[in-house]
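Visitor: Position chain B with the ligands against the provided structure of chain A, taking the given hints into account.
If you read the protein sequences in the order shown, they are chains A and B.
If you're matching positions, the first sequence starts at 98 in the numbering used here and goes up one per residue.
If you're matching positions, the second sequence starts at 958 in the numbering used here and goes up one per residue.
Don't read these hints as lab results, they were simulated from the structure.
Cβ atoms here follow ideal geometry from the backbone N, Cα and C, with glycine treated the same way.
Where hints are given, some of them may not hold.
As the list claims (entries may be wrong) - DSS-like, lysine-lysine: derived pairs with alpha carbons at most 27 Å apart:
#, chain 1, residue 1, chain 2, residue 2
1, A, K186, B, K1048
2, A, K226, B, K1135
3, B, K1048, A, K164
4, A, K266, B, K1135
5, A, K216, B, K1135
6, B, K1135, A, K218
7, B, K1135, A, K186
8, A, K187, B, K1135
As the list claims (entries may be wrong) - Examples of chain A residues toward chain B, derived with CB under 7 Å:
#, residue
9, V182
10, R185
11, K186
12, M190
13, N196
14, F198
15, P199
16, G209
17, I212
18, V265
In case you want the letters, here they are:
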Amino acid sequence: MEKEINCKLKIENLNVFYAQEQALKNINMEIDCRKITALIGPSGCGKSTFLRSLNRMNDEIREARVKGRVILDDEDIYENGYNVVELRKKVGMVFQQPNPFPKSIYDNVAYGPRIHGIKEKNRLDDIVKESLKAAALWEEVNDRLNQSALDLSGGQQQRLCIARAIAVKPNVILLDEPASALDPQATAKIEDLLTELKENYTIIIVTHNMQQAARISDSTAFFWLGNLVEYGPTEEIFERPKNQRTEDYITGRFG
Amino acid sequence: MHNWKQRLGFWTLRASAFLVLAVLAFLLSDIILQGREVISWEFLSSPPRQGMTAGGIFPAIVGTFYLSLITALVSVPLGVLGGIYLSEYAKQGKLTRLIRMSIRNLAGVPSIVFGMFGVAIFVNFFNLGLSLLSAGLSLGIMTLPVTITASEEALKSVPDSYRQGSLALGATRWQMIKTCILPPAVPGILTGSILGLARAAGETAPILFTGAAFLYPNLPDSPFSQFMALPYHLYILATQHHDISRVRPIAYGTALVLILVVLILNISAIILREKLSRRYRR
Ligand SMILES: Nc1ncnc2c1ncn2[C@@H]1O[C@H](COP(=O)(O)OP(=O)(O)OP(=O)(O)O)[C@@H](O)[C@H]1O
Ligand SMILES: [Mg+2]
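With the rest of the complex left out, here is chain A (with noise of 0.2 Å):
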């Protein structure tokens, strides 16, 4: 039941910066627990941004700023002393092109364990094999763990990407674009298993595909030029978008 406290993440008058460029505009947001969150809109509109804001990634960017709060478990993500790596354990990432470490499948789901100090085997033993359950990818690679990463599949790895997240034990998990590198089989594939892990996790997912959005998605947020124009169930965002915007977007009439 702890859970239900931590997940939630409340965005309040997000403002990002890219130098002089305005990237996102006081974004006001309620995201839910254990729920699926979809964000769309149109390239460079600033869903990347955004999804970086929310485990303070956009640190690692020189020449990005941020302004307003980003309330998680009821902590100001940005409070000042705010600790990053604390942060960076209960939000976790999934990156756009599958970025598996050069190591084996094993110390790939191990890694985010070993540097949080777990060494005994057993531990690890497990927390592997769950992770990698987890990811639908124990069934395809229990036999080779020690295999270097690298000689995955590009839907294999994603996937090992996503069981190396879960391996931190997050409560939220953010992937960006994470199926566009992938064929429709694999691309299934995540998404069943996204639909497997709202169960536990709180999900944001920030998608060019309308209709992996309104398939997998409990919610949808569009995004436009910076602008959050259009926030609720998803239901109502694909049938009944009261913003013109927002429909002429999902039905493609711009892009």
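Guide: Relative to chain A, chain B with the ligands alone:
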């Protein structure tokens, strides 16, 4: 239309390449042919005798070995740390550019300058005297620009996606470097460092005033001993000896051994790189 121009250009390039190769081949064959005569187990394993007109070069081989060891111990760790700083920590601003430029320039400073620096700092200021340590430190400082640059380049060539992946899992910057960035960079760092060491092994100027001995038939027994070294020995045999023509064959033998040492170092750098990089392909 401009075909003949192209052909002319092509042949000019080809001719100059051949010219370079020819000079190199002439040099090498001269040394190999003349040096081959004197190289024997005896030559490699005994000290010079009878005013260097007989005997071998064993102390010089051992001296060069110890010297390279100290050089490596000084310049590889410092170089890696410097490379890590420049690639992973430094803000990419004016100051960093200045530091980087100074390092590149330092690589072009004549080696005799590092010799003088060694005399001033290690021999006199730190009072290490004429010793293996002073000479090794001088060579180590001289090699530093090479190892720093090699490390920085190797670290920079590690894809950013590894950095992001690691940080997003909650790694601290240092954990990220240690576990994700350094390992794939090791082949590049080692290759660059060994090439730097190979150059250092052949240098005379930095050891000239810092501890190399004209004749020191005993092997160095501590880092504070004086020592013989191959390049300095060659310099003596070729220019300083009282009977240069008589020691000429030994000079050739020494030159051949020195070339072989450098060659072995370079080849091992290549093999190491191939072997290690196969582990981190892509
Ligand atoms: N590192 C950066 N430096 C400067 N500007 C950036 C940087 N990253 C993004 N931007 C700018 O911020 C805006 C939003 O970019 P962002 O990557 O968040 O868009 P996106 O919605 O994810 O687009 P896409 O769908 O193409 O991935 C764009 O105008 C982009 O040019
Ligand atoms: Mg994006």
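Visitor: Now tell me, hint by hint, if it's right for this structure.
Guide: Consistency of the hints with the structure:
1. This hinted pair checks out: K186 of chain A and K1048 of chain B have alpha carbons roughly 26 Å apart, not beyond 27 Å.
2. Taking the CA atoms of K226 of chain A and K1135 of chain B, the gap is about 25 Å. The hint holds against a cut of 27 Å.
3. The hinted pair formed by K1048 of chain B and K164 of chain A meets the criterion: a straight-line CA distance of about 22 Å does not exceed 27 Å.
4. For the hint pairing K266 of chain A with K1135 of chain B, the CA-to-CA distance comes to about 23 Å; that is within 27 Å, so the pair holds.
5. Proposed proximity of K216 of chain A and K1135 of chain B is supported: the alpha carbons are some 17 Å apart, at most 27 Å.
6. Between K1135 of chain B and K218 of chain A the CA atoms are separated by roughly 21 Å; this keeps the pair inside 27 Å, and the hint holds.
7. Among the hinted pairs, K1135 of chain B with K186 of chain A is consistent with the structure: their alpha-carbon atoms are about 19 Å apart, no more than 27 Å.
8. Restraint check for K187 of chain A and K1135 of chain B: satisfied, since their Cα atoms lie roughly 22 Å apart, inside the 27 Å limit.
9. A cut of 7 Å between beta carbons decides the hint on V182 of chain A: the least distance to chain B is about 5 Å, and the hint holds.
10. About 4 Å separates the beta-carbon of R185 of chain A from the nearest beta-carbon of chain B, less than 7 Å, and the hint is met.
11. Annotation: K186 of chain A was flagged as interfacial toward chain B, and the flag holds, the nearest CB pair being 4 Å apart, inside 7 Å.
12. Below 7 Å, beta-carbon pairs count as interface contacts, and M190 of chain A has one with chain B at about 4 Å; its hint therefore holds.
13. Because the closest C-beta pair between N196 of chain A and chain B is about 4 Å apart, less than 7 Å, the hint holds.
14. Among the interface hints, the one on F198 of chain A holds; its C-beta lies about 6 Å from the nearest C-beta in chain B, closer than the 7 Å criterion.
15. About 5 Å separates the beta-carbon of P199 of chain A from the nearest beta-carbon of chain B, less than 7 Å, and the hint is met.
16. The interface hint given for G209 of chain A holds, since its Cβ lies 4 Å from the closest Cβ of chain B, which is under the 7 Å cut-off.
17. Nearest Cβ of chain B to the Cβ of I212 of chain A: about 5 Å, under the 7 Å cut. The hint holds.
18. Against a cut-off of 7 Å between C-beta atoms, the interface hint on V265 of chain A holds, since the closest Cβ of chain B lies about 6 Å away.
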